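Asker: Throw the hints in and build the complete structure from the sequences for me.
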Amino acid sequence: MIRVSHVNKSFGDKHVLKDVSVDIPEGETIAIIGRSGSGKSVLMKHLIGLMQPDSGSVTVDGIDINAITYAELRRVRRHFGVLFQGGALFDSMNAFENVAFPLRTFTEMTEADISRVVKECLAMVELEDVGAKLPSELSGGMQKRVALARAVALQPRYIIYDEPTSGLDPETSNTIDELIRNLADRLNVTSIVVTHDMHSVLNIADRAAFIYEGRMHWTGTIEALHHSDDQILKAFVTANEYKIGPS
Amino acid sequence: MVPLTPDIIINPISALGRYSQLLFHAFGAVTEVASYRKNLWRQMVKVGLDSLPIVMLAATFSGAVSTVQTSYQLVSPLIPRSIVGAIITSSMILELGAVVTGFILAGRVGARIAAELGTMRVTEQIDALETMGLNSVGYLIVPRVVAGVVMFPVLYIAACFCGIGGGMLIGELGGFVPLEEFIYGAREYFQPFDPIFGIIKSLVFGFLITSISCFKGYYTQGGAEGVGRATTQAAVASCVFLLLADLILAVLLL
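Protein chains in written order, with this note's numbering: chain U, 1 to 247; chain Z, 1 to 254.
Rather than coming from a laboratory, the hints here were simulated on the basis of the structure.
A portion of the hints provided could be inaccurate.
Said to hold, decoys possible - Pairs of lysine-lysine, DSS-like flavour, derived with a Cα cap of 30 Å:
1. Lys119(U) - Lys133(U)
2. Lys234(U) - Lys45(U)
3. Lys45(U) - Lys14(U)
4. Lys45(U) - Lys18(U)
5. Lys133(U) - Lys38(Z)
6. Lys18(U) - Lys234(U)
7. Lys38(Z) - Lys14(U)
8. Lys234(U) - Lys14(U)
9. Lys119(U) - Lys38(Z)
10. Lys45(U) - Lys38(Z)
To be verified - Chain U side only, calculated, beta carbon under 7 Å to chain Z, not exhaustive:
11. Ile48
12. Arg74
13. Arg77
14. Arg78
15. Phe80
16. Val82
17. Phe84
18. Gly86
19. Ala88
20. Pro102
21. Val117
22. Trp218
Claimed, not checked - Simulated DEER-style distance windows between Cβ atoms:
23. Glu26(U) - Gly223(Z): 36 to 44 Å
24. Ser10(U) - Val150(Z): 37 to 45 Å
25. Val33(Z) - Ser136(U): 29 to 37 Å
26. Arg37(Z) - Asp129(U): 26 to 34 Å
27. Gly223(Z) - Glu72(U): 27 to 35 Å
Bear in mind that the values here come from a model prediction, so they are computed numbers and not experimental data.
All C-beta atoms in this analysis are idealised placements derived from N, C-alpha and C, irrespective of residue type, glycine included.
Answerer: Dropping the structure here:
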């Protein structure tokens with residue numbers, strides 16, 4: 001379980017996160033939603049210790065990740081898989097090597113076993129045939145799927161998705177959404193999806209946490225989201241629906 | 001509100017602090033050999049072997065041109081021609097071998113390191129390494145700095161041989177200094193401490209160029225423009241600190 005308690009974060013005189021608290025229970029898929037610049041990505045970076053809060057705490061399985069050494073933090077991070085907005089594939093390696101990288105780095109597996117696991121991961125994201133291709137030879141959607149294969153290679157307990165569908169066409173976005181949902185079901189992982197795409201949220205999340213102007217404005221189930229009377233939340237959700245296209 | 005201390009003072013101090021912090025982390029990660037072993041050999045090839053042809057070419061021409069110019073200036077019948085060999089050998093070993101190699105590495109290797117790490121930073125590849133549980137400083141910076149420190153003296157030695165060889169060749173072929181006189185002068189005035197000084201200098205230069213370039217690349221901000229800025233700053237800062245270190249070492253050790 002991940003627990004964010006009263007986190008504050010400022011950059012210079014810009015107060016980005018204001019007393020943010022949220023609990024993310026095991027096995028749940030939670031969507032952290034909000035406008036661009038509302039502090040979603042900053043919160044995401046706090047969850048894996050890429051940023052330290054000015055005050056407040058982030059605990060993962062009861063461990064305060066800001067009160068431990070760097071070596072201990074790295075051990076905690078190995079429970080996480082992260083899909084970055086641009087994929088963040090290593091451009092000097094081909095798709096196969098990218099997925100194999102964490103296995104070669106953190107396990108004692110033989111090359112034959114690594115090859116088998118990499119092929120399984122690439123098959124999971126329906127990209128069995130791209131192993132030899134460099135990231136520059138893949139489309140944006142394919143890069144994200146390879147990055148997803150890399151993120152799950154070590155069978156993490158938590159997967160964080162940073163804007164998984166941004167910059168993708170609607171069809172590819174749906175494919176990514178399906179993959180996220182399938183992975184959550186098949187691997188029984190806890191998924192944290194940082195997005196402003198309500199279409200994705202409705203497709204994949206069990207629960208949503210809405211950040212507005214740096215504050216955790218609303219949290220609840222997707223069912224509750226549909227029936228919420230909160231005007232700010234409604235405005236955000238409606239704006240998204242308009243973008244998708246009025247039905 | 002007008003800041004009390006101008007940025008012109010704060011920025012260099014802040015940069016020095018972050019540079020020191022990065023070096024501290026890098027030194028801490030030196031013992032984690034497993035995290036950078038594979039990368040070290042690749043970096044040694046990129047820093048050393050790949051730079052060898054251009055370093056040899058530049059050093060050969062520097063030695064040759066210096067020989068021609070020194071011969072042109074020393075026209076007095078009272079000065080033996082062998083003195084040209086002594087001057088070229090000393091200047092290659094004491095100064096030109098290390099400085100020519102340093103400038104080439106600052107432009108070639110320093111810019112490449114900053115561009116590589118800068119691109120990795122702005123495309124979140126460094127964040128990806130960190131979130132996997134890898135020490136990104138150990139994985140990315142330590143092998144580059146170690147490769148610089150190990151390979152710079154090798155390149156310096158090659159530069160000295162090529163520079164002196166180029167001088168001998170042009171001296172003989174161009175009729176400026178006969179080969180025997182060049183070698184006689186080089187041996188007569190040779191100081192055993194000179195190559196030691198050159199090696200010390202090349203170790204320092206190798207460390208400065210790679211660590212400064214790693215620093216500029218690792219902390220790149222912004223997109224393509226940021227990478228371009230980091231690359232330029234890495235090459236310029238490496239050259240400036242190389243010259244500064246050159247002066248300090250000469251004052252301290254000679």
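Asker: A separate judgement is required for each hint: does it hold in the structure or not?
Answerer: Evaluation of the provided hints:
| no. | hint | in the structure |
| --- | --- | --- |
| 1 | Lys119(U) - Lys133(U) | holds (14 Å) |
| 2 | Lys234(U) - Lys45(U) | holds (27 Å) |
| 3 | Lys45(U) - Lys14(U) | holds (17 Å) |
| 4 | Lys45(U) - Lys18(U) | holds (15 Å) |
| 5 | Lys133(U) - Lys38(Z) | holds (22 Å) |
| 6 | Lys18(U) - Lys234(U) | holds (21 Å) |
| 7 | Lys38(Z) - Lys14(U) | violated (42 Å) |
| 8 | Lys234(U) - Lys14(U) | holds (26 Å) |
| 9 | Lys119(U) - Lys38(Z) | holds (23 Å) |
| 10 | Lys45(U) - Lys38(Z) | holds (29 Å) |
| 11 | Ile48 | holds (5 Å) |
| 12 | Arg74 | holds (4 Å) |
| 13 | Arg77 | holds (4 Å) |
| 14 | Arg78 | holds (4 Å) |
| 15 | Phe80 | holds (6 Å) |
| 16 | Val82 | holds (4 Å) |
| 17 | Phe84 | holds (4 Å) |
| 18 | Gly86 | holds (6 Å) |
| 19 | Ala88 | holds (4 Å) |
| 20 | Pro102 | holds (5 Å) |
| 21 | Val117 | violated (15 Å) |
| 22 | Trp218 | violated (28 Å) |
| 23 | Glu26(U) - Gly223(Z): 36 to 44 Å | holds (37 Å) |
| 24 | Ser10(U) - Val150(Z): 37 to 45 Å | holds (43 Å) |
| 25 | Val33(Z) - Ser136(U): 29 to 37 Å | holds (31 Å) |
| 26 | Arg37(Z) - Asp129(U): 26 to 34 Å | holds (32 Å) |
| 27 | Gly223(Z) - Glu72(U): 27 to 35 Å | holds (33 Å) |
Consistency note: the structure conflicts with the earlier hints numbered 7, 21, 22.
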